[in-house]
Amino acid sequence: MAEQQWVITVAEEHRDRIGELAQELEAAGLRIDRVLNSLGQIIGGSPGPASAESSLHSRIASTAGVASVDAAQTFRIGPPDSGVQ
Amino acid sequence: MARFVVTFDSAEAQLRQQEAPELLSEHGLSAEHYFPRLGIAVVEAEAGQLEALSISCRERSRPMSFTPELTYYAISEPPGEGYADTEELTWGLQAIGIEAAQQAGLTGAGVRVAVLDTGVESEHPDFESRTLVAESFIEGQGPGDAHGHGTHCIGTACGPWQAQSGPGYGVAPGAEIYSGKVLGDDGSGSDTSILAGIDWALENGCQVISMSLGADVPQVQPAYVAAGRRALESGSLIIAAAGNNAARSAGNNGFVGAPANSPHIMAVAAVDSDLQIADFSARSSAEEGGEVNLAAPGVQVHSAWPGAEGHRSISGTSMAAPHAAGIAALLCEHSGVRGEQLWAALTDQAAALEHLDPEDVGAGLARVPE
Numbered sequence: 038m039a040e041q042q043w044v045i046t047v048a049e050e051h052r053d054r055i056g057e058l059a060q061e062l063e064a065a066g067l068r069i070d071r072v073l074n075s076l077g078q079i080i081g082g083s084p085g086p087a088s089a090e091s092s093l094h095s096r097i098a099s100t101a102g103v104a105s106v107d108a109a110q111t112f113r114i115g116p117p118d119s120g121v122q
Numbered sequence: 012m013a014r015f016v017v018t019f020d021s022a023e024a025q026l027r028q029q030e031a032p033e034l035l036s037e038h039g040l041s042a043e044h045y046f047p048r049l050g051i052a053v054v055e056a057e058a059g060q061l062e063a064l065s066i067s068c069r070e071r072s073r074p075m076s077f078t079p080e081l082t083y084y085a086i087s088e089p090p091g092e093g094y095a096d097t098e099e100l101t102w103g104l105q106a107i108g109i110e111a112a113q114q115a116g117l118t119g120a121g122v123r124v125a126v127l128d129t130g131v132e133s134e135h136p137d138f139e140s141r142t143l144v145a146e147s148f149i150e151g152q153g154p155g156d157a158h159g160h161g162t163h164c165i166g167t168a169c170g171p172w173q174a175q176s177g178p179g180y181g182v183a184p185g186a187e188i189y190s191g192k193v194l195g196d197d198g199s200g201s202d203t204s205i206l207a208g209i210d211w212a213l214e215n216g217c218q219v220i221s222m223s224l225g226a227d228v229p230q231v232q233p234a235y236v237a238a239g240r241r242a243l244e245s246g247s248l249i250i251a252a253a254g255n256n257a258a259r260s261a262g263n264n265g266f267v268g269a270p271a272n273s274p275h276i277m278a279v280a281a282v283d284s285d286l287q288i289a290d291f292s293a294r295s296s297a298e299e300g301g302e303v304n305l306a307a308p309g310v311q312v313h314s315a316w317p318g319a320e321g322h323r324s325i326s327g328t329s330m331a332a333p334h335a336a337g338i339a340a341l342l343c344e345h346s347g348v349r350g351e352q353l354w355a356a357l358t359d360q361a362a363a364l365e366h367l368d369p370e371d372v373g374a375g376l377a378r379v380p381e
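Chains A and B are the protein sequences, given in the same order. Everything in the first sequence is counted per our numbering, starting at 38 for the first residue and increasing by one. Everything in the second sequence is counted per our numbering, starting at 12 for the first residue and increasing by one.
Since the hints were made in silico from the structure, they are not lab data. Warning: the hint list may mix true and false statements.
[Stated by the list, open to error] Label-pair restraints from in silico Cβ distances:
1) Ala89/A - Arg69/B: 46 to 52 Å
2) Ala13/B - Glu50/A: 39 to 45 Å
3) Glu365/B - His51/A: 46 to 52 Å
4) Arg240/B - Pro84/A: 28 to 34 Å
[To be verified] Which stretches of chain B does chain A cover? Using the computed rule of at least three CB atoms under 8 Å from a CB of chain A, they are:
5) 196–202
6) 208–219
[Unchecked claim] Not close to chain A: a few residues of chain B, all C-beta gaps over 12 Å, as computed:
7) Thr18
8) Ser21
9) Gln25
10) Arg48
11) Ile51
12) Val53
13) Gly121
14) His158
15) Pro233
16) Asn264
17) Gly321
Just so we're clear, the structure is a prediction, and the values are computed from it rather than from any experiment. Don't be surprised by glycine CBs; every beta carbon is placed ideally from N, CA and C.
Excised from the complex, chain B in its bound form:
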């Protein structure tokens, strides 16, 4: 037995008030926690009972859906001393609750995560034995990473729980890695390469697309409105960095820039190890779609780096977005949700950060499914 939320999404009062509780009873489900105004019930049931109810409702053309009940967490204040990297895990993995994934054996297996960035050092020892597909959309440059940013972001989203040296730092170590080089070795790229990268990720059936890039322009870009919507329609969620254009200590809260400000692209802000908003992390803009949707660890984030150095700690909303992308991969494996539903699951699962402004952190801190 498990707990489920059953929704009768209808404007018809007669259906919500009379027929729905009768339907529940007919299928042996208690109507004790049924809310007729909302048309929503919380029930203890076997999945089979709900399947049967779903079939009855379909036969009578009654709109009904069900989802497993989620547990919500409120973090009213950060832990006393904050998080810190340990020998085993980065502070970021601890803060998002990676333990739950480790206990459940959830690794993102079978999920394809595209990271569109400066490429990847595919020979990095922490990526040995991983399924890794790399492509370049920059003229005259291969898929390798001479910058480091791409390798770092891939490390956070898809790196290992146990690294060759230092703490584990990757959220979804079982996911298939699709690295699209859309920024050149100098760290710059254009819509041409980025949209080509998104198109490639969709062609390859990537369920999650992580983009730690942006332009400091407040206007919503029509090309990304269409791209974000078409990605969701194909069952793929684009997760982007909110932007680093704030300088909060100087009184400037910044704004979510393009492409994270597109209504169908999820914007992720950065928090530090005390779960405070990062000084550089951009606030929601007034544009439709310019809201911050979620927050994730993005200050002093330890992850993979090319060359002999191997690992490096850096900060940015660029580091927050791949934490959220990794969690999206775990959710994808966990419950099979895609596109719009994956978006909803990510925000539903987030831990409220009640000491912070939702304009800064959206639904709160991204969390691993329990």
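Extracted from the complex, chain A is given alone in its bound form:
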């Protein structure tokens, strides 16, 4: 999964309908990777070409019940043989 993934945080008052919201986002064109029920977050990405990403991002961000859409970041620790990890 080299392409960009997004973390979609569901607004507090919509958390009990996270499953329904995931379906709406899927219908809007989002590829759903994971639905995190305890956290109230949805992980997904754009199944289409990179050029379509920004319009999909806007569609998702403007969907009722979405609090924020953030690009997933990469984290890294030092290699096993490094003194500081």
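Could you slot chain B onto chain A? The hints should help.
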């Protein structure tokens, strides 16, 4: 009889100045150490007396809470020769005051500690006979640990007081271990795996979540602001490494990175065996939530390592965070506190490091409850 702090948290002067001391007297409690400006009393009492007071206050809709009085310690300077590993205990366990837990028989029993990292070598002889649940959130990789970092962090938080060989190195040897592999064997992972790991830890009712990972970005990440808050609301505290991006000897103090800079995630810095700030340990950032909250041992930390090697000494704020997580598990067992209250108990219990800057070490050195 024990000493308790009783708080009447009200803006009403009439309640604080007149009614509160009367309420105390009615329940046979001395108002000698009552501070009307604060609405706070320190009393000697049986727990039952305070329960009765609490019921009276509830009936009259008067806000009142009580907690056992804590002992505060100031360490104005490090011990002359510093700490050192002995045959029995690592320097880190000595510095956090593990003796108090050993005397009280506090092991973190019944507390679930999630360590979200590179996985775990569950066959390690020091983890034999332990309750250990392991899950992987990395595609194509099982929950095992080909890196070593995860096994090391789990060792510090939940390893044994008496190891198969070498000194004891684990803070909470009775805690249930939940190992979530959120970093691959190459040591890297993304928000996807990390948030999935936090979600899993919450579903499993883990009261403590230790995350020795970070990205060197100063901006607070909204996804972790929400995650940290929702964890606290579910009675779970996320403790993260402050970050290793400082090079103090070269004049660079670094900054607390994501996700430790989220306001609802506790950031832990690293000190060495002389209780000096580690050269690599990141300083508080200017972001809201970017403060260092606590410090813990993080230089030359001996703990478990996979394979024939068995144990290894390494350094990093990654090693400090699991010391704090282990102490959180002991506090959880000791007083039953969770979430926000667990956060407060950890910082209240810390020993001030007056020779260091709070921007570097927050409330001070994490300490085992006495």
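How the hints compare with the structure:
no., hint, in the structure
1, Ala89/A - Arg69/B: 46 to 52 Å, "violated (58 Å)"
2, Ala13/B - Glu50/A: 39 to 45 Å, "holds (43 Å)"
3, Glu365/B - His51/A: 46 to 52 Å, "holds (48 Å)"
4, Arg240/B - Pro84/A: 28 to 34 Å, "holds (31 Å)"
5, 196–202, "holds (count 5)"
6, 208–219, "holds (count 4)"
7, Thr18, "holds (29 Å)"
8, Ser21, "holds (28 Å)"
9, Gln25, "holds (36 Å)"
10, Arg48, "holds (36 Å)"
11, Ile51, "holds (33 Å)"
12, Val53, "holds (38 Å)"
13, Gly121, "holds (21 Å)"
14, His158, "violated (5 Å)"
15, Pro233, "violated (4 Å)"
16, Asn264, "holds (16 Å)"
17, Gly321, "holds (14 Å)"
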